[in-house]
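Enquirer: Chains as they are written, first to last, in our numbering: chain F, 1 to 724; chain X, 725 to 904.
Hints were generated in silico from the structure; no laboratory data involved. Hints may be right or wrong, so weigh each one.
[To be verified] Straight-line C-alpha distance at most 25 Å; calculated BS3-like pairs for lysine-lysine: (1) F:483 - F:505; (2) F:195 - X:900; (3) X:785 - F:277; (4) F:168 - X:865; (5) X:900 - F:291; (6) X:866 - X:814; (7) F:291 - X:785; (8) F:4 - F:244; (9) X:814 - F:195; (10) X:832 - F:198; (11) F:279 - X:900; (12) F:277 - F:291; (13) F:5 - X:866; (14) F:258 - F:268; (15) X:865 - F:279; (16) F:198 - X:900; (17) F:277 - X:900; (18) F:195 - X:888; (19) F:195 - X:785; (20) F:538 - F:354; (21) F:4 - X:850; (22) X:785 - F:168; (23) F:5 - X:865; (24) X:850 - X:832; (25) X:866 - F:195; (26) F:198 - X:888; (27) F:4 - X:865; (28) F:545 - F:75; (29) F:538 - F:66.
[As the list claims (entries may be wrong)] Covered by chain F, according to a simulated footprint, are these stretches of chain X (three or more residues, beta-carbon under 8 Å): (30) 807-821; (31) 872-879.
Quick caveat, the model's predicted, so the values are computed rather than measured. Beta carbons: idealized from backbone N, C-alpha and C, even for Gly.
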Amino acid sequence: MNGKKIIRSTCKACHGGCGVLVTVENGVVTYLEGDPDSPTRGTMCAKGLSSIQHMNHPDRLTYPLKRVGERGEGKWERISWDEALDTIGNKMKGFIEQYGPNSVCNSQGTGRGYGRYTVRLGNSYGTGNRGLGTSHICYFPRLKAFEAIFGVNRLYCDYHGWGGEYPKTQISWAKQIEHTNADGEMAVWFLDSLKHAKNLIVVDPRATSITNQATLWLQIRPGTDAALAMGMLNIIIYENLYDKEFVNNWCDGFDKLKDRVREFTPEKVSEITWIPKEKIIQAARIFALEKPGCIQTGEPLDAIHNSHSNALSIIAIMAITGNVERPGSMMCWVPPDTGPMEVFHWEIADNVTKENLEKGIGRDKYKFRPPGFCHTETVLRQLREGNCAIRMLHQHGGNFLFSLTNTKNVYKSLLNLEFISIADQFMSTFCEIADIVLPVAHWLEEDDIWDMHPGFMVRANNKAVEPPGEARSTAWIYLEIGKRVAPKFWPWETVEDMLNYQLRKADIKWEDFKEIVMLARTGKDQPYYKYKTDYWRKGGGFPTKTGKVELCPTMLEDLGYDPLPYYEEPCESYYSTPELAEEYPLILNTGGRVAYNFHTQFTNLPWIREMQHYPRVQIHPDTAREYGIEEGDWVWIESLRGRIRQKANLFAGMDPRIVVVQAGFCYWEKKGHARFLTSNANVLTDDAGPFDVAIGSSNYRALLCKIYKVKDGDPLYDPIDMDN
Amino acid sequence: MTRKSVFRDPDLCVNCKACVIACKVKHMWPPYNTTGAMAEPEGVNLLQVYQYGPEISMDGKVHQPFVSIACMHCEDAPCIKVCPSTAISKDPETRITLVDGDRCIGCKACLWVCPYGAPSYNDDGKMVLCNLCIDRLREGKKTACEAACPASAIYISSPEDISKLRSRIAVERIAKGTME
Numbered sequence: 001m002n003g004k005k006i007i008r009s010t011c012k013a014c015h016g017g018c019g020v021l022v023t024v025e026n027g028v029v030t031y032l033e034g035d036p037d038s039p040t041r042g043t044m045c046a047k048g049l050s051s052i053q054h055m056n057h058p059d060r061l062t063y064p065l066k067r068v069g070e071r072g073e074g075k076w077e078r079i080s081w082d083e084a085l086d087t088i089g090n091k092m093k094g095f096i097e098q099y100g101p102n103s104v105c106n107s108q109g110t111g112r113g114y115g116r117y118t119v120r121l122g123n124s125y126g127t128g129n130r131g132l133g134t135s136h137i138c139y140f141p142r143l144k145a146f147e148a149i150f151g152v153n154r155l156y157c158d159y160h161g162w163g164g165e166y167p168k169t170q171i172s173w174a175k176q177i178e179h180t181n182a183d184g185e186m187a188v189w190f191l192d193s194l195k196h197a198k199n200l201i202v203v204d205p206r207a208t209s210i211t212n213q214a215t216l217w218l219q220i221r222p223g224t225d226a227a228l229a230m231g232m233l234n235i236i237i238y239e240n241l242y243d244k245e246f247v248n249n250w251c252d253g254f255d256k257l258k259d260r261v262r263e264f265t266p267e268k269v270s271e272i273t274w275i276p277k278e279k280i281i282q283a284a285r286i287f288a289l290e291k292p293g294c295i296q297t298g299e300p301l302d303a304i305h306n307s308h309s310n311a312l313s314i315i316a317i318m319a320i321t322g323n324v325e326r327p328g329s330m331m332c333w334v335p336p337d338t339g340p341m342e343v344f345h346w347e348i349a350d351n352v353t354k355e356n357l358e359k360g361i362g363r364d365k366y367k368f369r370p371p372g373f374c375h376t377e378t379v380l381r382q383l384r385e386g387n388c389a390i391r392m393l394h395q396h397g398g399n400f401l402f403s404l405t406n407t408k409n410v411y412k413s414l415l416n417l418e419f420i421s422i423a424d425q426f427m428s429t430f431c432e433i434a435d436i437v438l439p440v441a442h443w444l445e446e447d448d449i450w451d452m453h454p455g456f457m458v459r460a461n462n463k464a465v466e467p468p469g470e471a472r473s474t475a476w477i478y479l480e481i482g483k484r485v486a487p488k489f490w491p492w493e494t495v496e497d498m499l500n501y502q503l504r505k506a507d508i509k510w511e512d513f514k515e516i517v518m519l520a521r522t523g524k525d526q527p528y529y530k531y532k533t534d535y536w537r538k539g540g541g542f543p544t545k546t547g548k549v550e551l552c553p554t555m556l557e558d559l560g561y562d563p564l565p566y567y568e569e570p571c572e573s574y575y576s577t578p579e580l581a582e583e584y585p586l587i588l589n590t591g592g593r594v595a596y597n598f599h600t601q602f603t604n605l606p607w608i609r610e611m612q613h614y615p616r617v618q619i620h621p622d623t624a625r626e627y628g629i630e631e632g633d634w635v636w637i638e639s640l641r642g643r644i645r646q647k648a649n650l651f652a653g654m655d656p657r658i659v660v661v662q663a664g665f666c667y668w669e670k671k672g673h674a675r676f677l678t679s680n681a682n683v684l685t686d687d688a689g690p691f692d693v694a695i696g697s698s699n700y701r702a703l704l705c706k707i708y709k710v711k712d713g714d715p716l717y718d719p720i721d722m723d724n
Numbered sequence: 725m726t727r728k729s730v731f732r733d734p735d736l737c738v739n740c741k742a743c744v745i746a747c748k749v750k751h752m753w754p755p756y757n758t759t760g761a762m763a764e765p766e767g768v769n770l771l772q773v774y775q776y777g778p779e780i781s782m783d784g785k786v787h788q789p790f791v792s793i794a795c796m797h798c799e800d801a802p803c804i805k806v807c808p809s810t811a812i813s814k815d816p817e818t819r820i821t822l823v824d825g826d827r828c829i830g831c832k833a834c835l836w837v838c839p840y841g842a843p844s845y846n847d848d849g850k851m852v853l854c855n856l857c858i859d860r861l862r863e864g865k866k867t868a869c870e871a872a873c874p875a876s877a878i879y880i881s882s883p884e885d886i887s888k889l890r891s892r893i894a895v896e897r898i899a900k901g902t903m904e
């Protein structure tokens, strides 16, 4: 490994997938920069670039560990990979034999191009209880709504101009892609395309950084997005601004939608959303008339108990304005020759028996979900009550003590699992209560195929250097566990064999793919107007039951749900719970994100931490004055579930009644419970419901809280009451 | 190579801090000096981004510029004049301001006179300054910050080019109504 070389690879610091050039000298990564010859044209973000510090962190896990003390006591013993994997494999097989496959759950954190391994593992041993975690509040509601309406599980904003046109009108709805969450669109594509846009409409309670460039800012009350979307539908339909050609020829259920949104007049919607009615009318008219247009939808739309309706109503705006499959609008990208990489897990989905799927926890209640995913809040409640079918969890990345609602309950629930094994790069607070911890390689240390959201491209993660100690790649870990529990479905001897298998449709081997780094269908190779061809259906149409865009989706109807969007007040609000609002008079929004953290990741890096040492709660200056709070003061934020402290950041770019708490802030340097109870936004969020009736989404984004200054002598955090 | 000038557009900047970390990857080697303990760190930054506002006008327009600050490579640089050990000089070709760490005595006089507060100081007290990635420019590459920026908010070019660019931006934004 002598000398200097430059390796082309793909960043996995979030789930974006930017092209990178990695300089390696004598086996050490000495430089990291964007790859100018990649679709992200050489740009990178603070998260990806700080990977050079992340991978070299002194706290990286380097050996498999077995817990020898009590859960959370921090006593570990180094064990061999064989012992670790055999223990996990034997535990899985033991539980499966005794209680059936549904007793073993396997799950993951945010997708970093490895979802197909975790899901294949679950499918291979046949569990109907996969995917404990956050899918129901992040991405699935949008995906499922797209699938219900169009028959394909995602349309993306066409920022690329491949069809000869860029979006003229863009809506950024509950999204800060310029900072975070590159799920299908990437910041650089969005920002580049703005040069061609006439209108940018931002829907956000706060003045986000992109709001500076907006032609129109709809300052929405948190949790009322479905009302706004139905208000816009009302204007577009009743002012006759919809695309009649597209609606008449290609849509089904228009009249039912029309009836449903009739009552959502601008006046009524203005009252619900706190947005002046003129602005609602203006936004609807601009989007309907200044075409093509696209709408970027963010995760906050999913993280609330009205999630499927949020998605249905916003997607209906795309449909009735004809912003579907035309250049510069919403596109369903055709994958490269590899085909969709998810086939790797779909292809063995039948191995899970119908009975096990039906017995999946929460399946009976929340049916509008991808099969095999258990309902998180129900599982956790059952664990606390001691009647949960799940006995073992194998987890890859992620930290439920930060990502799930009501952290204290999550902690108590997880303790009731009989066996937990986790693969991670650092000893997270979740790892601390596990039985076996596996050290995972960093993305700069592993070979794999990256296949995240954008759909039109598949890229290579090329190993630049050896991982520290005995850390191993994700693909290797899954192959080894798979071989132990379901060898029939994991027949490959090496990781390279498994990668070759995944690339076979493109007729390319890993050793060649790693050199070319990317297979993509872009430019003229990317077909538009596919519904006018035989692509989805002979003679044209969409791959839905009716062959049309279903504005009143039969998929929901068949499952017994109201197929049309509707609006429901947030479960805690001035209007739904006025008595609660007397004690908790402010709206709690946990959507605070910064561009240099990805959930709990990166707050252990000096480069990142020096930009922000403490988490911040954004409070309007008028509200702060009322409470005697000044910039930088420690403030308690308290909800029905408990309280946390963050430092006050006075921010005038929002309604004075809203408090925005920063999410995911992990004090990696603190020991024990202080790490996840001091400032963790999800101590405050709701796990009791009501949840979204169809998907089961819980409430993160629109709750009620009170704030007050931290006094001398206050505890750092309120401990968990284990008896209650 | 011609004279180099800097323009960072506060209206296009989205405060993502990519430039801040790109600069560290380029100039702060080795990336690790931590002992694992995390005291309140005082970083050495050649480049920082500051947020102003937001101010919101009656019609709902948001004024919230993000200003990224590093050495502006002043033509008639006060730091060069004031430096008692002649540690600061101009690259004759590009007019980039350069620091000679061996000559710097760490007196911080440059910080007193710099209108941008650009000088930063290493653990050894010696001044460090943005050198516009002069080695990258010589190789025909963009600076680390310009290359990383997803918002196209950073331009390093000749003063003439930047002047033209500024005029064009002004015209475009007036036409679009985003600038009065």
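Enquirer: Work down the list of hints and note, for each, if the structure agrees.
Expert: Comparing the hints with the structure gives:
1. F:483 - F:505: 24 Å, holds
2. F:195 - X:900: 11 Å, holds
3. X:785 - F:277: 17 Å, holds
4. F:168 - X:865: Outside the cut-off at roughly 33 Å; violated.
5. X:900 - F:291: Status holds; Cα separation ~17 Å.
6. X:866 - X:814: 20 Å, holds
7. F:291 - X:785: 23 Å, holds
8. F:4 - F:244: Not OK: residue 4 of chain F and residue 244 of chain F at ~61 Å, beyond 25 Å, violated.
9. X:814 - F:195: 36 Å, violated
10. X:832 - F:198: Roughly 48 Å between the alpha carbons, so the hint for residue 832 of chain X and residue 198 of chain F is violated.
11. F:279 - X:900: Holds. Residue 279 of chain F to residue 900 of chain X sits at ~19 Å (cutoff 25 Å).
12. F:277 - F:291: Answer holds: residue 277 of chain F to residue 291 of chain F is near 22 Å, not above 25 Å.
13. F:5 - X:866: 20 Å, holds
14. F:258 - F:268: 16 Å, holds
15. X:865 - F:279: 45 Å, violated
16. F:198 - X:900: 8 Å, holds
17. F:277 - X:900: At roughly 24 Å apart (the allowed maximum being 25 Å), residue 900 of chain X and residue 277 of chain F satisfy the hint.
18. F:195 - X:888: 18 Å, holds
19. F:195 - X:785: Holds. Residue 195 of chain F to residue 785 of chain X sits at ~19 Å (cutoff 25 Å).
20. F:538 - F:354: With a Cα-Cα distance of about 31 Å, the restraint between residue 538 of chain F and residue 354 of chain F is violated, given a limit of 25 Å.
21. F:4 - X:850: 30 Å, violated
22. X:785 - F:168: 20 Å, holds
23. F:5 - X:865: 18 Å, holds
24. X:850 - X:832: Status holds; Cα separation ~9 Å.
25. X:866 - F:195: 21 Å, holds
26. F:198 - X:888: Holds. Residue 198 of chain F to residue 888 of chain X sits at ~23 Å (cutoff 25 Å).
27. F:4 - X:865: Between residue 4 of chain F and residue 865 of chain X the Cα gap is close to 18 Å, so the pair holds against 25 Å.
28. F:545 - F:75: At roughly 56 Å apart (the allowed maximum being 25 Å), residue 75 of chain F and residue 545 of chain F break the hint.
29. F:538 - F:66: Since the Cα atoms of residue 538 of chain F and residue 66 of chain F sit roughly 57 Å apart, the hinted pair is violated (cutoff 25 Å).
30. 807-821: Our answer is that it is violated, as 0 residues pass the Cβ test (under 8 Å) against chain F, missing three.
31. 872-879: Answer holds; 5 residues pass the 8 Å Cβ test.
Violated hints, in rising order: 4, 8, 9, 10, 15, 20, 21, 28, 29, 30; the structure is consistent with all others.
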